[in-house]
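Asks: Assemble the complex: chain A is given as a structure, and chain B must be docked to it using the hints.
The primary structure of each chain is shown beneath.
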Amino acid sequence: MSSTTVAKPLARRAARGGSRRRKWTTERIIFTTLNTTFLLALAAVMVYPLLNTLAISLNDGMDAVRGGIGIWPRDFSLQNYNVVFNMHTIYQAFFISVLKTVVVVATNLFFTSMLAYALSRTEFIFRRPITVIFVLTMYFDAGLIPNYLLIKDLGMLNTFQAYWVPTIISAFNLIILRTYIKSIPEEIIESARMDGAGEFRTWWQIVMPLCKPALAVVGLFVAVGSWNAWLDTLLYASGNPALTTLQYELQKLLSSSMNAGVNSVAATGAAASGGQVTTPIALRSAITMVAAVPILFVYPFLQKHFVSGLMIGSVKG
Amino acid sequence: MTDATVSTPVTATGLVPAPEPASSSRAQNRKARKNAAKGPKRKITWDLVWAQRALLAMAVPLLLYQILFKYVPVYGWAIAFQNFKPARGSSPWPGPRSLWNQQWVGLENFYNLFTGVMGERFIRVVINTIGQSVLTLTVGTLGAIVLALLLNEVKNLPFKRVLQNITYMPHFLSWVIVASMASVALSLPSSGGFINQGLMSLHIIDQPILFLTEPNYFWGIVAGTNLWKELGWNTIIYLAAITAIDPSLYESAEVDGAGRFRKMFSITLPSIRPTIVVLLIINSGWILSTNFELPYFLGNGLVSDRSETIDVFVLRYGYELGNYSLAIVAGIFKTIVAVILVGAANQAAKRLNQETLV
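Line by line, the protein sequences give chains A and B.
Quick note: the first sequence uses UniProt numbering, first residue 1, plus one each step.
Quick note: the second sequence uses UniProt numbering, first residue 1, plus one each step.
It is worth saying that the hints were derived from the structure and are not from the lab.
Among the clues, some could well be false.
Taking beta-carbon pairs under 8 Å as the criterion, some of the chain B residues facing chain A (in silico) [said to hold, decoys possible]:
hint : residue
1    : L63
2    : N152
3    : V176
4    : S191
5    : G192
6    : H203
7    : I204
8    : R260
9    : V314
10   : Y317
11   : Y324
12   : G331
13   : T335
14   : V337
Now the stretches of chain B that chain A is said to cover, found in silico as 3 or more residues with beta-carbon under 8 Å [what the hints assert, rightly or not]:
hint : stretch
15   : 69 to 80
16   : 96 to 110
17   : 124 to 137
18   : 164 to 172
Since we're looking at a predicted model, the values are computed, not measured.
Every residue gets a Cβ at the ideal spot worked out from N, C-alpha and C, and that includes glycine.
Looking at chain B on its own, in the form it has when it is part of the complex:
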């Protein structure tokens, strides 16, 4: 059994504890941890590769698979430089058939999207994406923190568990279902619009509001629906952070005469601040990548100035109307910005995490 004879000594070296970082300097600490995670450096020899052939057989086909389905599609980006007509692409050979027989136009599509004929619309699209994301993220984070704090005050555990399970539930419903229910809820009372009905019976409004045809409400509708769906789910991580707080902190605060709200603001919130900050930073990396389903399902001609986001633009204007070239330019823009933002956000989160936790 070559596997056993080769791997045993290797794991044996892995069991040797990494040398304790003696220095207190942060940079050196980080370096030491990195080295410990990497393990001892080994030369890759053919013998070693042969000995690990079983592991390679497990990993390499799936690696090639992942490269094919996640990285190879980048060839489609070539369409950004073509005047692409779906019907034209064909070739007798296998491979990227769609790219054949197309007319190459250089950077024309980039000019058209950012400054030319589509410029005004695309700027609106980017603003909508950022606006909806920021509003959703702000409302969602605030809501989740408040709910986590309030749930934490519930001392009756079965009641708390029931509440948690009810609030987690919408997370598992599909966006189609949620959008469908939202469109009913926001419609006229005669179509089952219970929000209008409720507001009217409370005499907050006299006339029903056509929420989904009023552009100014659209960002709010997106944020509100997101809040409904993800509120409970988002509290999980904050509740976990709250449970990790040392109970003796509360004890000593009580001895000092701190009340409920004093403890909330002086112990709970500061203790979960690192979690809040890290989550906010990580989520802000996705600012261009969220908000697809709701604007696509609930958007309509009357509100498209406020509803259309980058993904919706790609799907509606690009895929459905066959304007692939401009849509791919928009897609490339989104992917590149997302990779930069997410990378920067992760770096920032990592640095912050280290400084608040170490």
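In isolation and in its complexed conformation, chain A is listed as follows:
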């Protein structure tokens, strides 16, 4: 054991020194060139569909039907966005999507962290059975229709509650937070108790501030999941147009174009809204961008967190 701990820094230093002095051999030049080319091509494949959608959304709708638009609009026009932002449904959907995401993130972080704190206490007598009951829900699912019937029988169908009440805790996030709380030194929690803090106070004032990195990760996962969800709207709220979401509106457009002969017919028919004319493919591209932009916007700020979050989760997944 002790020999490896001594040898490791030495080896690392040697490796660093070695790489600095490593020569640009022919093999290395060829490999690096090929590898870089391949990875750049891959990156292009990853971003091209998005850039293409953006270009189509910024292109004149009638012109877009001719096809052949790459990553740059051929006939620049804000007409599609004009149409989208003149659709009352889209405003409504955007508002509900934001509201739903905010409420789901807030309730999830509050309740999941509270339960995670309770389950992280080794002295808690029912720790094990409660954890098992939660973890089993990662594998067991009563099914789509039974879940729908429960919401219906609870009288939550077509109400905003159906969006957040059934999903305030996910077992996966619970495990992430519990693992993180367990890594907090016991002395900190004990000293809070010495100062007379009860369990609720210890959780809210001591543990929560220390959990910020883990809360950021869980919040990100929950927010992305809620923003991206469409099935909850279809199942629980499609009877109430006031509760529609962006993803659901986009899904309706997609499925109508799929049904209309896989694009070829739908793309040539014109869609009119508020006196302004555009085409389904251009309209769909504009709504896609509206639905994707919040994710793409927060992504750079959050990307440093999620890798660490995945690692916390995989410690005890």
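Replies: Coordinates of chain B only, in the frame set by chain A:
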């Protein structure tokens, strides 16, 4: 402060290190670790329950909540034994109203789904689910391993980070958006189908292919779209496993004259093999539970023989057309198979993990 006085001695016992497992036998090791994790056995007394009332107040309401929303819906399984008509269910009392006034038919729905009128279609549905899952899992795992190995060879760290962030990005886009972009990409050139356009300008094909109307392409389209969305994200875990490899292994291999590919195949791949195997096993437990969105969004009448999976069947045939009974039988089948497979897969992964890591 009862909390403080009670919990301090308990945590104090928790701080006593667990006795080191002296025996080298694997089974005994496992047992010892289990005991250490459980901690000392304590009798549950009313005094203890009262002392922990704050913790109970935190946990029990949420436990009841979870039971209500995750386990109670099982009452809907009763519909599998009914000839269910959504309009019929109503009762003056609260509770499972949907189940009221329905006609009970025994196992008729089970016969109908597996062998009777729906038999042929349901077998196709199961084959589609497994086929799409297996193809997606194989392509996805191979792709992620290759990309992780190639990314690992990039020595320019800022470039590597940019590449990683670009490849992780599609993971965060919703399936609706991804399916929407896929449907455009795969359409005719006149509808913006840039895949057809690219293939034609490279003279690989002369005529555009209607990818989404050709049944034989559907599994491949599902696997390919999944690959695009999750490729980067799936490399995270392999890259982490690669970073954990002892650099001195590479050093000594270099001294022995090993080249780049030799090191890849003789050090990197064997070192991350446990990770690969465990992930494959765990993921194969979900074989019936994946693949919902893409077949639902991209599937259409022309390809439904290859596109329809169990979840799509439940949603399309069951929920949308109101045939709840048959759909719930399919759902029960899926859940039971999934629980068995996932349980077995986790057990296998646990055993393997122990044997490769201990």
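Asks: Look at each hint and say if it fits the structure.
Replies: The hints, checked one at a time:
Annotation: B:L63 was flagged as interfacial toward chain A, and the flag holds, the nearest CB pair being 5 Å apart, inside 8 Å. A cut of 8 Å between beta carbons decides the hint on B:N152: the least distance to chain A is about 10 Å, and the hint is violated. Among the interface hints, the one on B:V176 holds; its C-beta lies about 5 Å from the nearest C-beta in chain A, closer than the 8 Å criterion. For the restraint placing B:S191 at the interface with chain A, the shortest Cβ-Cβ distance is roughly 4 Å, inside the 8 Å limit, so the hint holds.
Interface hint at B:G192: satisfied, since its Cβ lies 5 Å from the closest Cβ of chain A, which is below the 8 Å cut-off. Taken as an interface hint, B:H203 does not check out: its beta carbon lies about 17 Å from the nearest beta carbon of chain A, beyond 8 Å. Annotation: B:I204 was flagged as interfacial toward chain A, and the flag is violated, the nearest CB pair being 16 Å apart, outside 8 Å. At about 6 Å, the closest approach between the beta carbon of B:R260 and any beta carbon in chain A falls short of 8 Å, and the interface hint on this residue holds.
Look at B:V314: its Cβ gets to within about 5 Å of chain A, closer than 8 Å, so that hint holds up. Here the hint on B:Y317 is broken, as its CB sits about 11 Å from the closest CB of chain A, past 8 Å. About 6 Å separates the beta-carbon of B:Y324 from the nearest beta-carbon of chain A, less than 8 Å, and the hint is met. For B:G331, the interface hint holds, since its Cβ comes within 8 Å of a Cβ in chain A; the closest pair sits about 3 Å apart.
This hint holds: B:T335 has a C-beta 6 Å from the nearest C-beta of chain A, less than the 8 Å allowed. Annotation: interface hint on B:V337 violated; nearest CB of chain A at approximately 11 Å, more than 8 Å. Judged by the Cβ-Cβ criterion of 8 Å, the stretch 69 to 80 of chain B is covered by chain A as claimed, because 10 of its residues qualify and three suffice. Counting residues of the stretch 96 to 110 of chain B whose CB lies closer than 8 Å to any CB of chain A gives 3, which reaches the minimum of 3, so the coverage claim holds.
For the stretch 124 to 137 of chain B, the proposed coverage by chain A is not satisfied: 0 residues have a C-beta within less than 8 Å of a C-beta in that chain, short of the threshold of three. For a cut-off of 8 Å, the count of residues in the stretch 164 to 172 of chain B with a CB near a CB of chain A stands at 7, and the three-residue condition holds.
In summary, the structure is inconsistent with hints 2, 6, 7, 10, 14, 17 from the numbered list given earlier, while agreeing with the others.
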